[in-house]
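2 protein chains.
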Amino acid sequence: MEENSVRNEISQLGKFSLIDRLTDKIKPVNESTIAGMNEDAAVADYQTHLSVTATRLFQENIDFDLTYFPLKHLGYKCASIVMTDVLAMNALPRQLSAVIAVSNRFSIEAVEELMTGLRACCHNYKTDLTFLDIRSSVTGLSVALTACGETENERLTRRTGAAENELICVSGDFGSAYTGLLILQREKKIFEATHNSQPDFEGYEYLLEKQLKPEPRLDIVEALRAQDIQPTAMTAVTEGIATSLFHLCMPATLGCTVYENKIPVDQLTFDTLRSMKIVATTVALNGGEDYELMFTIRQSDYEKVKKIENVSVIGYIGEKNGGRYLISNDNRQIELRAQGFGKNL
Amino acid sequence: MEENSVRNEISQLGKFSLIDRLTDKIKPVNESTIAGMNEDAAVADYQTHLSVTATRLFQENIDFDLTYFPLKHLGYKCASIVMTDVLAMNALPRQLSAVIAVSNRFSIEAVEELMTGLRACCHNYKTDLTFLDIRSSVTGLSVALTACGETENERLTRRTGAAENELICVSGDFGSAYTGLLILQREKKIFEATHNSQPDFEGYEYLLEKQLKPEPRLDIVEALRAQDIQPTAMTAVTEGIATSLFHLCMPATLGCTVYENKIPVDQLTFDTLRSMKIVATTVALNGGEDYELMFTIRQSDYEKVKKIENVSVIGYIGEKNGGRYLISNDNRQIELRAQGFGKNL
Chain L
28 MEENSVRNEI SQLGKFSLID RLTDKIKPVN ESTIAGMNED AAVADYQTHL
78 SVTATRLFQE NIDFDLTYFP LKHLGYKCAS IVMTDVLAMN ALPRQLSAVI
128 AVSNRFSIEA VEELMTGLRA CCHNYKTDLT FLDIRSSVTG LSVALTACGE
178 TENERLTRRT GAAENELICV SGDFGSAYTG LLILQREKKI FEATHNSQPD
228 FEGYEYLLEK QLKPEPRLDI VEALRAQDIQ PTAMTAVTEG IATSLFHLCM
278 PATLGCTVYE NKIPVDQLTF DTLRSMKIVA TTVALNGGED YELMFTIRQS
328 DYEKVKKIEN VSVIGYIGEK NGGRYLISND NRQIELRAQG FGKNL
Chain B
28 MEENSVRNEI SQLGKFSLID RLTDKIKPVN ESTIAGMNED AAVADYQTHL
78 SVTATRLFQE NIDFDLTYFP LKHLGYKCAS IVMTDVLAMN ALPRQLSAVI
128 AVSNRFSIEA VEELMTGLRA CCHNYKTDLT FLDIRSSVTG LSVALTACGE
178 TENERLTRRT GAAENELICV SGDFGSAYTG LLILQREKKI FEATHNSQPD
228 FEGYEYLLEK QLKPEPRLDI VEALRAQDIQ PTAMTAVTEG IATSLFHLCM
278 PATLGCTVYE NKIPVDQLTF DTLRSMKIVA TTVALNGGED YELMFTIRQS
328 DYEKVKKIEN VSVIGYIGEK NGGRYLISND NRQIELRAQG FGKNL
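Those protein sequence lines, which keep their order, are chains L and B. Remember, my numbering sits 27 above the position in the first sequence when you count from 1. Remember, my numbering sits 27 above the position in the second sequence when you count from 1.
The hints are simulated quantities; they were obtained by calculation from the structure and are not laboratory data. Hints are not guaranteed to be accurate.
Note that the list lumps identical chains together, so a pair holds whenever it fits in one copy or between two copies.
To be verified - Below 30 Å or equal to it, Euclidean Cα-Cα: the simulated BS3-like pairs (lysine-lysine) are:
| id | residue 1 | residue 2 |
| --- | --- | --- |
| 1 | LYS333 | LYS289 |
| 2 | LYS240 | LYS42 |
| 3 | LYS347 | LYS42 |
| 4 | LYS347 | LYS52 |
| 5 | LYS215 | LYS99 |
| 6 | LYS153 | LYS216 |
| 7 | LYS54 | LYS347 |
| 8 | LYS347 | LYS331 |
Predicted model, so just to flag it, every value in this text is computed and none were measured.
Kindly produce the complete structure, drawing on both the sequences and the hints.
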């Protein structure tokens, strides 16, 4: 788990000294950041803008497996995911609060690794870490993150708001993070069986990066502003395209149609899944962990959205009480199901 | 753990139906509440006010023991604590986001119990529940809460800001919650030994209420406004008076003096602790879980603060680099130590 050979116990340092060490040299970069570190709560001044707050809880052996997940990447990924929730409201992330719970299995160096990744993501996306607490845990690692951001009243984009005939757009490509997870799990099994094998990840770098270090799509939210496009509805794609489609369509009981051949899937992802006898479209629809954005736009914005890199139009919103369909490559109309609305938590 | 004899599995309902059920009939009461439920993030409009965000993570067998902690009380207490963090910035709580992680040990009814308590605290303190997610957990129960609130720029009160000769004030009384915990732990031990004993809590109701159902001190923050008192520094008292004194004094390396005979301790708490051969002052200084407010005021505000019920002046801020002392009832000068700054997380 830790490559570093030095191991110092958290109990040697004490909670407040550890927090001071982990938040050393933090200088706010956002004007809106007023206070937080070493306070009871984080404070921001969004002036006339709306305040947007996203909260996530990440737990060991539920949301991540530390046998193949480096702590630095984990910190980066957790920060990225909660920032994505803010972006999915068409808002800009500005501040991040973190509570990290660790058992005595974790050394100071382990917590530092995690925080290095978290702070790297904050740095890359100009978000200030404004609050940190470290707590005990019985066994595993838990990370509770809250991202705060701001948006103008007229830019705020909810899950509701889509209307018939509007275009459904997504950022990035789908299924790569899930495929990266399958690769990691495969290598873990080989390691558990042989105990001497070095994991073989050559050629899979893109998939592993999508799994271990997803990037929040600040570029897309900024590009929408640059193109003066106001999406009518938006959400993050965290549990596959199908669940996100349902989030956008369900509140107004709208139908939708998406085209299999429009769903962006990376070639390496497609080939790797095929070698595992898995259909890429199934993974894109129901796999999860893409952390891309899905949004709807008016047809009149089509020419403008085409100018944005890494955005694909995958279909359109249907009529009220209409069906929700995938048009397959062989032109069949397949009814969509959303896994997230099923039995699983 | 559950008195209710009906037990329905969460897997029967599915995540989104469960969330809908748990957030049924929620109507925002604050003008600032813009969106949240069934969105990627919570949205608030504080107009020209500052946004204040507090985050807490509560974990089973670290922060609470469900063998004697009813889930309804737990929900209430968790909400109360995170609202207290907002109040401790001299801000008013307005919105609450919750992520609850449960293993299959927990039924729908168990999660409903927890949410009933959480929603009761929101209701009592006019705070809108604006976001809820339910997640899986390996074994226990985890609750991650984020409270958002607002304050005017000129009212924001940090931990830093106290100056020499200012008065140190606290709300409520101290040691009762900790004593309540001792009573609960004692009855748990008796139960574990005999397995047929009914817990005997008669006469201890006040202590149990302070432990199981602490109230956020919105009354104090409102009273300070009514009296037109601007505290110079403020913090929540979560780990005993000593740690909070250090939070207020350390940043500017100020000294302080507090008087044992000024520290408010309830008579029942005092008597119960004495019967256990525990010194009440030690518990008040280092016990924790009081969730009261500590703040400093200018001497000129003394007459005004006297008019506020449930506020005690316990001492004063000393000179820079001065010592931090307790003057005992027998007039000895005892150097204060802050447990929270020690080895424990």
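Hints, verified against the model:
Proximity of LYS333 and LYS289 under a CA criterion of 30 Å is satisfied intra-copy only: 14 Å inside one chain copy versus 70 Å between copies. Within a single copy, LYS240 and LYS42 get their C-alpha atoms as close as 28 Å, and across copies as close as 27 Å, so both meet the 30 Å cut-off. Only between protomers do LYS347 and LYS42 lie at most 30 Å apart by alpha-carbon distance; the minimum there is 25 Å, versus 55 Å within a single protomer. In this homomeric assembly, LYS347 and LYS52 come within 30 Å of each other (Cα to Cα) only across copies, at 25 Å, whereas the closest approach inside a single copy is 54 Å.
Taking identical chains as interchangeable, the C-alpha atoms of LYS215 and LYS99 lie at most 30 Å apart only when both belong to the same chain, with a minimum of 19 Å there against 41 Å between chains. For a Cα distance limit of 30 Å, the shortest separation of LYS153 from LYS216 qualifies neither inside one copy, at 38 Å, nor across copies, at 52 Å. Taking the shortest alpha-carbon separations for LYS54 and LYS347, only the inter-copy value of 26 Å comes in at or below 30 Å, while the best intra-copy value is 50 Å. Taking the shortest Cα distances, LYS347 and LYS331 sit within 30 Å of each other inside one copy (27 Å), while across copies they are farther apart (61 Å).
This entry does not satisfy hint 6, going by the numbered hints stated previously; all others are met.
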